[in-house]
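Participant: What follows is each chain in one-letter form.
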Amino acid sequence: MTDNILFDLKGVHKSFTRGKETIKIFDGLDMQIKKGDFLAIMGPSGSGKTTLLNMLGGVDQPTSGEVLFDGSRVDTLSEGQLSKWRANNIGFIFQFYNLMPMLSAARNVELPLLLTNLSKKDRKNSVETALKLVELADRASHLPKEMSGGQQQRVAIARAIVSDPKLLLCDEPTGDLDRHTADEILEMLQLLNEKFGKTIVMVTHDPSAAKYAKRTLHLDKGEFVEKDLAA
Amino acid sequence: MSDIYLIFKNLTRKPLRLFLTCFAIMVAFLIFGVVTTLKDALNSGIELSADNRLVVVNSINFTQPLPYAYVNKVKAIEGVKDVVHMNWFGGYYQEPANQLVTMAVDPENYLKVYEEVVLSDAERDSWFRNQRGMLIGRAIADAYGWKVGDIIPMSSNIFSNREGGHTWEMEVSGIFDGRDEQFGTNFAVFHYKYFMETQTFGGDWVGWLTLTTDDPALNEQVAKTIDEEFANSEAQTDTSTEKAFNKAFIEQIGNIGLMIFGIVFTAFFTILLVVGNTMILAVRERTGEIATLKTLGFTAKRIFTMILAESMLLAFIGGLAGLGLAYMIVEGAKAFLAQFLPGLVLSDTVALQAVGFMALLGLVTGLVPAINAYKLNIVTAFSRR
Ligand SMILES: Nc1ncnc2c1ncn2[C@@H]1O[C@H](COP(=O)(O)OP(=O)(O)OP(=O)(O)O)[C@@H](O)[C@H]1O
Ligand SMILES: [Mg+2]
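Residue numbers (the numbering used here), protein chains in the order written: chain A, 10 to 240; chain B, 38 to 422.
Hints listed in this document are in silico derivations from the structure and should not be mistaken for laboratory results.
A virtual CB, placed ideally from N, CA and C, is assigned to each residue, including glycine.
Here are the in silico distance ranges between beta carbons for each label pair:
1. B/M296 / A/K130: 55 to 63 Å
2. A/G89 / B/L318: 25 to 33 Å
3. B/T49 / A/D173: 29 to 37 Å
4. B/T49 / A/R82: 38 to 46 Å
Using the sequences plus the hints, can you model the full thing?
Facilitator: If you want it as structure tokens, here you go:
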């Protein structure tokens, strides 16, 4: 394997048991994600997009198979190790922003830094930089409820990048936004990918959102049906 | 920003709810502080009674007199150190409503038996010399503004004197304090001789005897010997420790211990349910946020601790406010009640107990939501919405 591969999924099986029923989502999925990639994942509802993202982010484990990140297994880590690994390597962006309602924008952005050893001053600087990058420096003290959806999502992006992770995982980041705002967010992600070298995996239902990505994979019934449209 | 800031923000996110919950906790600890202090004050007579003090009363009941001759007979019994005889005077000042616990005693033996009554040597000697002298407690002196040397008309609601009235002139010879703060100084004592020579009831009798033994270990033996000695006499006796005697006396009011336990237990149990339920709901509302924190990399352990800390903080804010209020009420009532209910102090023990209960309340109410948060699975938490 070259050093160029960020994620390597080998023979990943995933099934859920609901009562007596077992639902198979993935039945031997192989996948590689290169460093610096901006990958869009599309597919019908229930095809397993979120489940895949959860496994990449280490919040869910495959039933069997291997998930390698930068050459080392993550599917075998304990809950504590995974928490630390996530804090160090991954930024999450959710459809509904998931900001803490009682915290200001700046405090929301600061949250992931509580998991680092940074000094108060360094944390402050990082928060300022991240907020500047999403063009919300003047909203630092605002509460989420005082901001529009697009602004909230930008705060969420700032939160995702503040600890400088290698990878951003986005589950329908524009699913709750209008066209224009969505484009702003997507441009921001593109910028993070192109200028700051962040690897991005984005799940979306929206074909025009997928256009911002470098390549798009279509997931159906747990398999990629068409590969690499961009290539 | 730190975890403490997060805990604080979580706690204060719904100010009205915070206020109501704190208020409920406050009331519980207010009740606890005041009621337990009241109980302690009522019991202080029991707690402070010397271990080696026995009370000899007429076995019919303690209001029946005993023959004067018993004093020397009891004094002669082995193991008995000092004996004082006492008579209930039924005293009041000017109006029957101004009741004053007053007893006619044999002065020298009284001070031997009641070592916790302290006063200056000069006042003591002057009392011994003055047949009309009486000793009053500090609480009475403060309440009525009486000073040494004042002549006080003391009335009795039981006895009349040879001059045809119910009032005796007495001179304040001394003002005594208690050796401990909780010792009640709301009573007065005066000369038995003066009482006997002036009252019209006649006879050579005393109300009851209080004695000290050489050693508390002898109490049982001495009590038995006394009661056996008078088993075949005109007046049979019932001898018990002063502790038991006072306890029996207080229990005439009702089983205070049980009543208090009932009140406090009910208050606490109700608050426990209310606060516990509130905490569970408050944390359940935050399911999505907790899942987000976990996704960001906050460990389950850390979130568990934060929630437990939050419920602890809640319990302590409300609890300390309640305890503080209880303290202020007790301090405020102290001066008022000094005469009727001496020894009214919110003790360190009560305060410590309250703090213990706060910790327990915080723990019990926080544990369930903390465990729920600990176990919360990110995937199911997000797919639930
Ligand atoms: N925790 C779970 N327990 C049981 N079944 C689950 C669980 N999570 C997902 N599933 C099932 O797995 C399948 C894939 O779900 P997933 O959320 O990955 O789909 P998706 O592609 O993200 O769909 P959508 O576009 O609607 O978000 C669905 O059939 C879903 O019902
Ligand atoms: Mg999904």
